[in-house]
Amino acid sequence: KKLFRLDVDDDIWQEDPGLGPQDEGDLPQWQVDRDVREGIIMFLERQRCLEEVERLNAEARALLGWWLEERDVL
Numbered sequence: 010k011k012l013f014r015l016d017v018d019d020d021i022w023q024e025d026p027g028l029g030p031q032d033e034g035d036l037p038q039w040q041v042d043r044d045v046r047e048g049i050i051m052f053l054e055r056q057r058c059l060e061e062v063e064r065l066n067a068e069a070r071a072l073l074g075w076w077l078e079e080r081d082v083l
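The opening position of the sequence shown corresponds to residue 10 in this note's numbering, with each subsequent residue numbered one higher.
Check each hint, because a few of them may be wrong.
[Said to hold, decoys possible] So the derived label-pair ranges between C-beta atoms look like this:
no.	residue 1	residue 2	range
1	V82	C58	35 to 43 Å
2	R14	G34	34 to 42 Å
3	E68	D16	52 to 60 Å
4	R80	V45	49 to 57 Å
5	D44	D19	33 to 41 Å
6	V41	W76	49 to 57 Å
7	G48	E79	45 to 53 Å
8	L73	V45	38 to 46 Å
Since the hints were made in silico from the structure, they are not lab data. Yeah, the Cβ is synthetic: ideal placement off N, Cα and C, and Gly gets one too.
Sequences and hints are given; from them, build the entire structure.
Here it is, written out as structure tokens:
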């Protein structure tokens with residue numbers, strides 16, 4: 010209930026680093042260092058690639074299983 014009674018001048022609004030002059034040393038590296046941001050993007054892309062490899066391996070196993078069943082029927 011108290012959350013909805015916050016005033017625009019309450020101190021809670023001053024806790025966000027984007028609301029005033031900030032020293033770059035106080036900010037997280039992902040906000041100020043381009044290399045860190047690019048590293049995060051590359052890491053996430055690598056993770057998606059690894060997930061895709063897992064899906065492709067599962068699909069290949071399923072296809073092989075199907076092919077072996079079909080071959081045995083002949």
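Verification of the hints:
no. : hint                   : result
1   : V82 to C58: 35 to 43 Å : holds (36 Å)
2   : R14 to G34: 34 to 42 Å : holds (35 Å)
3   : E68 to D16: 52 to 60 Å : holds (57 Å)
4   : R80 to V45: 49 to 57 Å : holds (52 Å)
5   : D44 to D19: 33 to 41 Å : holds (37 Å)
6   : V41 to W76: 49 to 57 Å : holds (54 Å)
7   : G48 to E79: 45 to 53 Å : holds (46 Å)
8   : L73 to V45: 38 to 46 Å : holds (42 Å)
When the structure is compared with the earlier hints, no violation turns up for any of them.
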